[in-house]
Structures are given as C-alpha cells and as structure tokens.
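Protein chains in written order, with our numbering: chain A, 1 to 447; chain B, 1001 to 1447; chain C, 2001 to 2447; chain D, 3001 to 3112; chain E, 4001 to 4112; chain F, 5001 to 5112.
Warning: the hint list may mix true and false statements.
[Said to hold, decoys possible] Computed cross-link-like contacts, DSSO-like style, restricted to lysine-lysine with a CA-CA straight-line distance of at most 30 Å:
id, chain 1, residue 1, chain 2, residue 2
1, A, Lys231, F, Lys5034
2, E, Lys4040, B, Lys1231
3, C, Lys2418, E, Lys4040
4, C, Lys2291, C, Lys2418
5, C, Lys2348, C, Lys2418
6, A, Lys418, F, Lys5040
7, F, Lys5040, E, Lys4040
No wet-lab data here; the hints were simulated from the structure.
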Amino acid sequence: MKMSKVLGSAAIASLLLALPAFAQDAAAPAAEAAAEVATIDTGDTAWMIVSTLLVILMTIPGVALFYGGLVRAKNILSVITQVFGAFAVIALLWVAYGYSLAFSGPTEGGLSAFIGDFSNFFLANVTPDSVSGTIPELVFVVFQLTFACITATLVVGGIAERMKFGAVIAFLAIWFTFAYLPIAHMVWSGAGLFFNMGALDFAGGTVVHINSGVAALVAAIVLGPRLGYLKEPIAPHNLVFTYIGACLLWVGWFGFNAGSALGANGLAAQAFLNTITAPAAAAIAWAVGEKITRGHASALGFVSGAVAGLVAITPAAGFAGTFGSIVLGAVTGFVCLWAVVTLKPMLKYDDSLDVFGIHGVGGIVGAIGTAIVAAPSLGGFGAEDYNLGGQLVTQILAVAVAIVWSAVVALVAMLIVKAIFGGARVSESSESDGLDLSSHGERAYNS
Amino acid sequence: MKMSKVLGSAAIASLLLALPAFAQDAAAPAAEAAAEVATIDTGDTAWMIVSTLLVILMTIPGVALFYGGLVRAKNILSVITQVFGAFAVIALLWVAYGYSLAFSGPTEGGLSAFIGDFSNFFLANVTPDSVSGTIPELVFVVFQLTFACITATLVVGGIAERMKFGAVIAFLAIWFTFAYLPIAHMVWSGAGLFFNMGALDFAGGTVVHINSGVAALVAAIVLGPRLGYLKEPIAPHNLVFTYIGACLLWVGWFGFNAGSALGANGLAAQAFLNTITAPAAAAIAWAVGEKITRGHASALGFVSGAVAGLVAITPAAGFAGTFGSIVLGAVTGFVCLWAVVTLKPMLKYDDSLDVFGIHGVGGIVGAIGTAIVAAPSLGGFGAEDYNLGGQLVTQILAVAVAIVWSAVVALVAMLIVKAIFGGARVSESSESDGLDLSSHGERAYNS
Amino acid sequence: MKMSKVLGSAAIASLLLALPAFAQDAAAPAAEAAAEVATIDTGDTAWMIVSTLLVILMTIPGVALFYGGLVRAKNILSVITQVFGAFAVIALLWVAYGYSLAFSGPTEGGLSAFIGDFSNFFLANVTPDSVSGTIPELVFVVFQLTFACITATLVVGGIAERMKFGAVIAFLAIWFTFAYLPIAHMVWSGAGLFFNMGALDFAGGTVVHINSGVAALVAAIVLGPRLGYLKEPIAPHNLVFTYIGACLLWVGWFGFNAGSALGANGLAAQAFLNTITAPAAAAIAWAVGEKITRGHASALGFVSGAVAGLVAITPAAGFAGTFGSIVLGAVTGFVCLWAVVTLKPMLKYDDSLDVFGIHGVGGIVGAIGTAIVAAPSLGGFGAEDYNLGGQLVTQILAVAVAIVWSAVVALVAMLIVKAIFGGARVSESSESDGLDLSSHGERAYNS
Amino acid sequence: MKLVIAIIKPSRLEEVRQALNSLDVHGMTVTEVKGYGRQKGHSEIYRGTEYAVHFLPKLKVEIAVDDALADAVSTAIRDSAQTGRIGDGKIFVLDLLAVTRIRTGETGASAL
Amino acid sequence: MKLVIAIIKPSRLEEVRQALNSLDVHGMTVTEVKGYGRQKGHSEIYRGTEYAVHFLPKLKVEIAVDDALADAVSTAIRDSAQTGRIGDGKIFVLDLLAVTRIRTGETGASAL
Amino acid sequence: MKLVIAIIKPSRLEEVRQALNSLDVHGMTVTEVKGYGRQKGHSEIYRGTEYAVHFLPKLKVEIAVDDALADAVSTAIRDSAQTGRIGDGKIFVLDLLAVTRIRTGETGASAL
Ligand SMILES: Nc1ncnc2c1ncn2[C@@H]1O[C@H](COP(=O)(O)OP(=O)(O)O)[C@@H](O)[C@H]1O
Ligand SMILES: Nc1ncnc2c1ncn2[C@@H]1O[C@H](COP(=O)(O)OP(=O)(O)O)[C@@H](O)[C@H]1O
Ligand SMILES: Nc1ncnc2c1ncn2[C@@H]1O[C@H](COP(=O)(O)OP(=O)(O)O)[C@@H](O)[C@H]1O
C-alpha cells in the first residue's frame, strides 16, 4: 500500500519522466520516498502548504464571489452558503474516506484501476511523519482535499437560484463519492486506469473541470430552468463581486497548477508562467470576440475569458511551452464564448452560471489540446518518443469516459435526491421571494 | 537573554518534545540556535514569512470585513478604520517595546515569570542575521507582531457603533501593554509562568482569543448598549462582506496555526489539517443547531460556526489528532451558538459583534478541550507520560488567570480612557447619525 | 549574455555587497549561478513563487478595487476592466519582448546602458532548468513580469472616468515599451545606467512608482479634467472596496519588497519589517494631519497614507533600519497629504485618483530618502564606506532622468493615441451616462 | 387630467407596462417603495436576534392621463397587476390640475 | 377619501406605524426620500475635496384614508413623529378621487 | 396651496434647487425614480443574453407651495431643468388641501 501511495503521490512527478531536463530532480522524490528513511524538503513543503491554502482561497471566497455576483440580490446568500457548506462537508468526507478511496489500495487487480480501498479510513496510518515524495504525506492529503472541495463547489453554479439547500449538499456528497473519487483515482493513482493509459492531466482538467461541468449541466437539465428564464431579465446583481472572485480564482490557480508540480522547482515555474499566459490570452480573445460580435468588450467577458483560459491550461500546465499555452488560451477563449453565447441559447438549458460552458467546454478543449501543446515539436515538454496521434486518442478516450461517468452519476444522484427531498426545487413562491429569505431566513443587504 | 529568546522562540518547538515521532526534528532548531554558529533553513523561513503575511491578511481586511458587514451602513467605515488604526498603532508599539517585553529578559527571577525587559527596546540587538530556531529572528519578530495586532483588532467588535475613535485606539494601546504583553510572555516565553506550568497553547488560544474576548465583554459592559439595542432591529448591512471576512480569516488562520510550528514540517501539516477539519465540523454543527432550533441554517450561522471552530482549534492545532479536532470543532459549534443565541440575551449585555460569544467562549472551550484531545489515548500527540487530569487542571488554571488578568486591565483601561476623553461614547446625535459621518466625515456608499 | 542576465537577476543581491553581515550568503547565489552547474534552493524558490503571486494579488484585484471604489458607480466596471485588460496585455508583451529588452543583451557598449536586446524574444533560451541566482530563471521572469504589469495598471488611476477603453490599452502598451522597459533596464540590469551609477532602488521606487505617477499626471493633463470636475461633487462610490484594495496592496507589497531580496533570508526579513513599519507610520501621519487640518481622521486618509508609506519604503526596503523606515514613512504621510490636498487643487489638474500625488510624490520622497536612511550612521545598511552626500546626488540624478523620460514618452504616447483613436476621450454623453454602459454595455449593480 | 397612482407587486411591472402601451399610454414614473397592509411580512434572524419585517417591497407606478383615459388605465392596471393573491396592491386616482413638458414648455394633455 | 402624505425622520417610522394601528389604519406605503429644508445638511471630505450635502434622508409615508379619518390620522402622525427638533417634517393632505383594490377590484372606502 | 411634482434629469437637481432658492422656496423632497417615456432606453448584455432597459433614472422633486407661488415655481423648474434634449421630464401640479409642520403643529402656508 505504502508503495502505491507513493506512486500515487508521485503520479505527476512520474509523468515527468517525459521531461528530459529536470526529470531526475522531479522523479527522485518518488524513489527516495520509497526508500526506508524518507526525508522531506522544507522548501517543497513550504510551497505545497501554500499551494493548498491558495486552492482554498480559490473556493472560499473565490468561487463563492464569482458565482454570487452573477445571481440576483435575493439569492446571493444561498449561493455562497451552498459553496461554504459544500466545502465543509466534502472536506470531512475527504478525511473520512475520500483520500483512502482515491489514493490507497493495491497497485493492481480487483477494482484497483477504478477505485482505492479503505486502508486509510479516517487517515489511519497517516502520521505527521509519513512522507510522500519530498513532502509530508499529510500535506499531500490536504492539497488533494482542496481539489475535491473546489470541484464540488463548482457544480453549484449550474443549479443556482432554485434548488433546496439540503438537496444541494446531499447531491454533491453522493456525486463526490461515486464520480469524483473514482475519476481522481483513475487519473492520479499509480493504479488508475487513465494513469496507466498514459493520459496527461497535469493539474486536473478532467478530474476537476470536465467532471464538474458535466455534472452541473445534467443537474441543471434535471432541475429545469429558473422561473422567468429567457422571459424576464436575470442580470448579475454585483459584477464587482464576480470580478473579485475571478481574480482570486486566478491567484489561487497558481497553487492549483504550479502546486501540482509537488515541489518548488523549474517545472512549477513553467506551470506558473503558463497559468499567466493562457488566461491572459483567453481573456483578450473573449473580449475581442465580444467586441466584434456585440460592439462592446465587457468586464464580465474579460473575467469569463480568463477563467476559461485557466480551465484549459490546467491539464497542460506542466507540459505546454510558453507559446503553446498562449495559443491554447486564445483558442479556448473563442470556443467558450461561442459555447456560452450561441450553444446554450440553442439548446435552451438553464446552466445558471455557465459551469458547463466554461468549465466543461474549456476542460474538454484543454484536455484534448494538451496532446497537441505537449508535443516537443511544438515546444512542449512531452517525452522524447512523443506520439501526438496516439496521445490524442488517449486524451479523447479519457475525456469520453469521464463525461459519461460523471453524467450518469449526476443523473442518478439527482433522482435519488428528488426522491429523498420530495423534489429538489424550492416552491415557486420561495423561488420568487428569493432563496436567501426562504431557505436561510436572511437578506444579504440591509441599510 | 539570548538563551531565553531562543527558548521563547522555540517555546512551541520545545513543547513538542512531547511528540514522539518528530520530536527530534522539531526540537533540533532550538538546540542548534543555541549553538554558536546558527544557520537558517530557507524552507522554514519561506513558510514563516508567508505565515506572517497570512495573519496580516486575516486582520486587514479579514477582521475588518467580518465585523464591518455586521454593522449598519452608517458605521462601517468607523469599524474598519478602528481595525486599521489599531493595526498600525500596535505594530509600532510592538517594534518599540512589545517584542522586548514579551520575549526578552532574564530566564528567571524578578518579574521574569510575568514580563520581559527592555533589552530589545526598538529591536536593539536584533539584526538581519540574528537567528531564532531555524529562521531569522526578525521573521519571528514580525510573526509575533501580527499576533499582537490581530488580538487588539478583535476587541473592536465588542465596542462597535458607539465609541469615540481616539478612545478606541487609546484603550487598545493600554490594554495591549498591560494585558497582551504579560500574557503572551507568560505563555510563550521560556521564562513565562504558564509555559513553565506546562500549559498547552499551540497557537495562542489563551493569549489571543480568551484575552480579546474577555476584554471586549468588559469594554462593552462599561460602555453600555447601543441606542435602540433590543428595541429596534440592528441588522447586518452587508453579509457578503462578513462572508468574505470569514473566508479570509479561515485562509489566514493557516498561517496562524500551521505557522506556529515555526517551520515547514509534519507538525505544520497536522496543524494545517486540523485547521480545516475543526472549523468545518463547527460550521456544520452551528448550522444544524440553527436548523433544529430556528428552522433555517443561515449564511451567518455557517461562517460564525467556522470562526468559532477556528478559535477552538487554535490552542490544540499541533496536539490534536484528526478525529479529536473534528469532535472539538463540533462541540464548540454548538456551545458558541448557545452563547450567542441564549447566553447573551439572558445577560442583556451588548457585545455588538459577539467577540465574547465566539472568541471568548470558543477560546475557553478550546483551551480546556486541548487537554482532552492532546491525550495520546484519544489519538492526540501529548507526551508519552501524558496525564489528562493534571493537564486539565493546568489548562483551567491558565484560563482562569488569563480571564481575570484581561478583565481587570480592560476595566481599568476603560476608566482611564473615559477620564481622558470625557466619556468614551460619542454623543447620542452622533451615534444616530452614524459614526462614519460624525467621527470620520465620510460615508461609505455614494452613487 | 547569460553573464549579464545573472548580474541582472542578482543585481539587488550584488548591491548588498554593501551589507556587512549577510553579504556573503546574499551575494553567493550570483557567483554560484555563474558557475557551470547551477542549482536552485527550494526555499528561496518557494518564497519567490509566492512573492510573484502576491504582486499579482496586488494588481488584480488590489489596484482594481483601490481605484474602483474611488470612482462613481457608473464607472467602476470601466476602471477595473482597464486594470484587468492592461494586466493581460502587458503580461503577454513581457513574455514576447519585455523580459528580453529589460534583462538581456551585452554587458556594455551600444545601447546596453539604456536597453537590452531581443536575444530572449518569446523567452527563447529560457528553459525550466535555467537558473538565476538560487531560483529558476523562469521564476525571475514571472516575478519581474508582475512588476511590469502593476506599474502599467497604476497609471489607470490618472485617466479614470473619461478615456476610451481601446485608447487606454494602446497608451499603456506604448508607454510600457518605451518608458517602463528602458527604465527597468537602467535600474536593474547589470549593464544599466543607474545600476552602474550605484543608484539604490531596492524594489522599484523609481521604476514602478515615480514612473507610473509621472505618466498618470501627464496623461491626465493631456486628457483634461472630467466633466463637472470641481463643480459638482464626485464622491467615491464605495470606500469599502477602496479599503479592501488598500489592504491587498499592503499584503501583496510583502512579495514586492521582501521578494526583492530574491530569497528567503534575513534581508527579506528586514525588508518585510520595514514594509510594516513605514506604512503604519505613514497612515498615522496622514490621519493626524487630517485631524489637525480638517477635524476628522478619515478612513480614506488612513489607507491613502498607508499606500503612500508603502510607495516610499519600496526603494529603501532592504537598506533602511527599523527606525529609519518609521521616520521615512511618517514624513511621506505628511508630504503626500499635502500633495493631494493642497498641491493638486492649486495646479487644478484632474489626476482622478491621485496617482501622482501618492505614487509620484511618494516615490520621489522615497528615492531621495533612501540615500539618507541607508546611511549606516543612521542605522541603515549602506556600505561601510557609505557617502551620504554622493549617494544623494546619485539618487536625485536618477529620479530626474526617470521623471523626464517617463513624462516625454507619456506625452508622445498620448498624442499618438489621440491621432489613432480620433481623440482619446469618450463623448460627453457617454461620459455622463457612465463608461460602464457606454464603453462596456454593462452596469455593475442590479437588483 | 388625472394622476393615477398604482401600488403593485414588483414582478408585475412588465405586464402593466405592456397593458398601458396597448392603451397608447407611453409614459410613466416608477418608484421602489415598501408596503404595509393585510399581507403579512416575514421574520429574519441574525445571530439569534429575530426581526419582524412588516414592510414588503412594492412598486409605485404613477401615470398622468387625460380624464377620458383615466378609467381605462385603472382597469388595465387592475387586470395586468392582478395575481389574486393578497398584497396585489391598490390604485389611487387624484385630480391633476396642470402638466408641463419641461423640454418644450407645452402644457395640458399635449404635454403627456 | 384623502391621501395623507407625511415626510418624517427615518427613526420615527415604527412609532408612526403603531400610532396608525391604534387608529385601525392597517395600510400604508413608505418611500425613502431625501429632504431639503430648514434643517442644515453636513459636509463630507474625500482626499481634501469638500462636498456640502444639502439633502438629508427622510421617509415619505402615504396613507389613503376615509374622509372621516383624515384628521385623526394627521394628528396621530404629528404626535408620533414629533421629536421637537428641526427636520421633523411635514404632513400633506390631498383629495383622493378613487381607490381600487387590485386583488378584488373592490373600490371606494371598502378597498382600503 | 399646491403640490408641485417635477420629474427631472438627475444632473439638473442642483440647478433646480438654486432656482427655487432664488424664489425663496427653501423646502423640497426628492425621490429617486425610474422613468419611461419617449426617451429610448438602452440594452445591456451579460454573457450573451441581451436585456432591453426601458426605464431611465430620473429624480422626482416635490414642492408644496402657496397658491400664489405655484406658477412661478413651475416656470422656475422648467427653466432650470431644461436641457432641450428628450427626457427632460414633466411638471405636475396638484391641489393641496392641508399642510402641517410636525415639529410645531403649525398648519397652512405658515407650515411651509
Ligand atoms: N391605506 C393605504 N394607504 C396607502 N397604501 C396602502 C394602503 N393599504 C394598502 N396599501 C398598499 O397596498 C399594498 C397591498 O395592500 P395589502 O393590504 O397588503 O393587500 P391587498 O391590496 O391585496 O389588500 C400594501 O403593501 C401597501 O403598499
Ligand atoms: N415646501 C416643501 N415641500 C416639500 N417638502 C418639504 C417642504 N419643506 C420641507 N419639506 C420636507 O420636510 C422636511 C423637514 O423640513 P425642515 O424645514 O427641514 O424642518 P421642519 O419640518 O422642522 O421645518 C424636509 O427635509 C423636506 O423633506
Ligand atoms: N404620462 C406620464 N405619467 C407620468 N410620468 C411621465 C409620463 N410621461 C413621461 N413621464 C416621465 O417623464 C420622463 C420624461 O418623459 P419623456 O417622454 O421621456 O421625455 P419628454 O419629457 O422630453 O417628453 C419619463 O422618463 C417619465 O419619468
């Protein structure tokens, strides 16, 4: 088990056997950790601790504000409370069984390709001196905890302004258990299916973004549109909050992407740089697209583009060269603008805050694009014997499996929740009074 | 003196001689530092620098927003300015004599059990190359500076919406000098009373939270309730600001708690994990308590619970096991909910923003609870020969002394301030116009 | 080239040959890096990665909120979008040619004293394993990128509420290329003019603050005042946003100043401490000044003073002793208050958000003050053979050159932009409707 | 002329506006108000303190019309604003002595 | 019927509401307004620029009542809203031609 | 007495206030309102969804005056509020039966 954990924790590091230059330094930890006397590197540990809290900053208040500003004033508390509640619940579930199911278990045989086991139930056998790579295993545990939490909270954007609070939490808990954990295991565990297929996902484009985007879409469709959707205006009530949220997402994303190097090194630096260039290019692309098609480059456009770019670079952060990251970002900016402005109205679903349009679509573009930008011939850091065609197939395969898996689980979870809560939606009058008042007994703003 | 400083700085590290596993690594620094040629660890230094700025982030804007959102729109500037002003003043006082009185002085004899001396007046003898443990002494100086600052600003919540600006600052300066400094010395200095009693306070539950909670309560009582208190509604004017503040408190608290390990290591990792689990459990507990007693789980409830949990885990962060931290958090969530919802109305005092209800009560629960969750038999990291009963007594003793000390100083300080400023309260008309306008000549919101 | 890059990157480190105590450790990296096999220090790398994202946090959302809260509700989106757009564009320009022109090129001859060359066009020859000092060169690249970005966004405050969006971006791109890059090169490159003159600028007082303050002033004058300026009230629409922005500026500034030590060490610690004491003293000075002259110490006064103090300590952060930083801060607080309250109305220019009054004036006071506070006789860390008089002359010379250079480029850039965009200002009706609606087709606040 | 003042539920504004348009009434002034009446308010709780909120958000719509149109306008508003649930609001009619269009100085019905 | 319009200090609303309740008047509409009059405003300073603020926050309370009640209502408001300090406000009484309850279509006094 | 109600552009308030002062009218009540009329609104776009905004920000200024002053006040407002561009607003004049000053209980013109 220890062995597989180390592999698990060193999953990303291992992927880098691809990268010529700093392969040694990067892969070293794994080996070392496996050895009898493992020691930690305080510099790597410092950076990973910071990365962990950065991802928390992305979630609370990052995601909460990004979403909260986009809803009407009567629903903001409901949205930010759903995010906060989900964060707290998923954090405890992660400690209870999430980490164990995602990263423990045998290296092969049985279900090991799909899910781990309970050998670390409530972090059994994980002590302050357990080491994973060059950092304390507990740091790896909390770093991964934050990924699980933010993924769940992202889904909130799809069902905003109409779902019962308890139902939201229950839905996310079920979905986390049966969709997030297996997919995280498949991608990052040494025993995982995708991991062994050689799928590239540096910081979780598939696990986090495709996964949450698809779940949000399914949930939104099952739930049905908000009252008055497409009939009356439903304008964002405070774009400054949305802007603050987007900025905190960007800042926190450095922990998310550069942190996925699992150390303070040149790989982290490249991932950091790509996490600036891709969203910058995507923000500009989205704004230019708006300017051309609508005559105005909007504030919401800039920040939406940036988030789309961040999503797209996530799986490629450590594999793309500087130029590749710019191109990937720009392309994603245009594609997501199209998804939000053209695709959504076409299909008439009410994904309230465009979780699918930005995280789902952006995640897919990123996951597939990773195969391209990782190509050494295109300035990427893929292996010497890199086979673009083959990698493309692998990526598409992984994406397809993830989409189907997440969609099915989300659908079933919604049906269960509907059954338990006697419908997942609040009453019409509660919805028109606003969820802040009807679900939480408060209003956000008073004089 | 140097010796005691090192002990002081390594106080927490030393406590960990308790912890079997990583005692060596943790205690090593102290020894090393004592040796002639001390060198710093860049990884530990990086983490401690970051921890320091995280605690500043907790204060400005963290505490400011958490409190500011809870007052009426006409008083928000007064609250956030009191926080900002107190931060600036206490920071300078810390550099002038605070650090010296808290951490310098002889190891025994005279007042050494209660207070230090002036040997580091204006940081005399502290140069960029002085070392404390594995970090530059100056890093320890600023890290501790932030603790002093946040403690003072927390008190602002108790006297909000009615006290003269100058009086607030003067009161805090006096209280800082005669209550914060001695208690910090007693707990953290190698020569300190509680330190030598063996009281456990990992990150300052007694020094920071009990201390400020009690001072706020006393000040609030001396000051009397706000006009219209319990007669007319005094609703929070912007719960989104309160939410942002709470999130920044949580994020910053990782520097506060994990930073108190004074390095980037497994101990920091355990403290970090506990700083996620305890507040998560407390937030859920508070919300569930509300749901049961009032029918709604509120946004304010979730964040209040989280803060209560953060307070409670503070003294126990490095001593509690994962499970213990969850239990401690949950218990605190319920107890603080009771303190705020039942105790306060019962006693009719107007602790405007529940500093006592959350920091005072939460701090007491945490300080006493630490004795329990630290027990190895309960998965804690107490010493091998850990004696729960004895530790309980020690903790309760330390808490009692701190409460009395802080209360007496706060009372005297208020009386002095009243005398100097001809009453500590603003005029009735100033209070009903709002302090923003009457004390600062501004309004926060214009079109 | 590599050599000069190393010097460039180690520029600050080298300056510290001045500092007796830790000169060795500080300068070591440079040498080391120059050697064949350079290795990174993970602790230094961790801190520098964090410093980089802190400077981004200062910019988005820091600067955006600080400025956004000061404008009227109808223009806030335009301001924060200008900041966001500028950040994205300058980031890409930096990667494309900015880094190369600022830090590459021959060590002497030709234009090397004024500007670099294109040898690192699109980061050519910079790989994840290139090392600069004790950190990956890519970390140095992104750290410097953030300086370029924030400098450009600071200028936005001068032209707020009246300039065409495209014109703002174009103006900043031109000014960045012909003013920021050369001045950054002159100050920080081993081949730079000021660098070789021995001008002291620890973290960019001249490059960032004087530079942006002067550009903002010139742009504001060329643009002319806002409609109704000095006739009707133009009050800040949300001082809480301004407060949040100011706090994030302060927190982020630790990355800016302490990060300029390029490592996690005692020098960084001193810079960190000074970055607390100077702004604290300046905030108090400004507030006291207001209290005396106007009867009220205001919230806006406190935060404006703090920012002024941060600006002033920037060039001196690593050279000033604790006491010197306090004095420098206090003096700057008073001077900038005067500049904003007395000088501006006197000269009747409409520097909307006082970029010149705070960054320009504060930067000048700081740059000149650095010569004084760096004097060992005054507790500073100047070289043993420190010559105060001579240093003063050098500093004033550097400041003068920077002022003229920035002003001329800004003027020309504005004229070019006016020509291209058929006037740089929006129409009168657009201005009175507000730029949010007229330039971006949105409103920030809805119900 | 008459000044018709209607207190309606915020959600009905769009319907009312369209109903008036179909009567060729193309001008109105709307104010956000708080209403108190038969419709019960709600209570909010913050940190355990409960506040009874008696006043509910409503919109006040003011329309100046020619005498001839007054009844038609009232009826149109009643029909378009009605939900049948308590709190639908009221319509008040006042006598309007004079009207001036500021831009042109026109007065009387032609100023509407 | 009459439409009684009172401009009062925000802090007096609760008293006024209760005074009207005791007259069995259970309906009113309240608007946040800014008032200008004898009561002096204040000045605000931002970064040294001083703004004279002439308008002060007030509440406008509108109550439609049967003629018989009009005087009683005015008196009740005057007594409950009075602080004796400048800026207490005014009470205006207008003639009200017609009232309709939107929910039911009732008109006249019974619609109140 | 009369109650003069003017709907004006927000940017004209200061001019109107001064014009009234010069007529020795030192009291008024101002409300932020949204206006609908000939003046076209605008459209806003968020994430591709377009919203037509029909209502524009206006200010409602209410002035109670003695009959004798009513016309002068109307004229003063018209002149000071006029920009000549569409959307300048309207002036309505209503009959005012009674006025009371809450502070003193004075009634009639002397209460103004
Ligand atoms: N006497 C009144 N004077 C002024 N406004 C009134 C009066 N009575 C009711 N209103 C307004 O009408 C709204 C609806 O009245 P309410 O009695 O709640 O329901 P309904 O109109 O269905 O009887 C109230 O919220 C209030 O704004
Ligand atoms: N002529 C008027 N027309 C309309 N409203 C008025 C008039 N005079 C005063 N008011 C309103 O009454 C409020 C109080 O009037 P003010 O003269 O300040 O004090 P007082 O009512 O005690 O004389 C003002 O703020 C304004 O809202
Ligand atoms: N019939 C009406 N009843 C009430 N208010 C009206 C009426 N017509 C116009 N208004 C108000 O007057 C404002 C200006 O009217 P509008 O027709 O746009 O321009 P103008 O006054 O120049 O003709 C509108 O925004 C509205 O607030």
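Agreement of Lys2418 (chain C) and Lys4040 (chain E) with the hint, judged by alpha carbon distance not exceeding 30 Å
Distance ~46 Å between Lys2418 (chain C) and Lys4040 (chain E) Cα, so the pair is violated.
Assess, step by step, whether the Cα of Lys4040 (chain E) is no farther than 30 Å from the Cα of Lys1231 (chain B), and give holds or violated.
Holds: Lys4040 (chain E) and Lys1231 (chain B) sit about 28 Å apart, inside 30 Å.
Given hint Lys4040 (chain E) paired with Lys5040 (chain F) - CA-CA distance at most 30 Å:
violated, 38 Å
Restraint check for Lys418 (chain A) with Lys5040 (chain F), where alpha carbons must lie at most 30 Å apart
violated, 46 Å
Verify the proposed pairing of Lys2348 (chain C) with Lys2418 (chain C), using a straight-line Cα cut of 30 Å.
holds, 22 Å
Is Lys2291 (chain C) close enough to Lys2418 (chain C), meaning Cα to Cα at most 30 Å?
violated, 42 Å
Verify the proposed pairing of Lys231 (chain A) with Lys5034 (chain F), using a straight-line Cα cut of 30 Å.
Between Lys231 (chain A) and Lys5034 (chain F) the Cα gap is close to 21 Å, so the pair holds against 30 Å.
Hint violations for this structure: numbers 3, 4, 6 and 7, all remaining hints satisfied.
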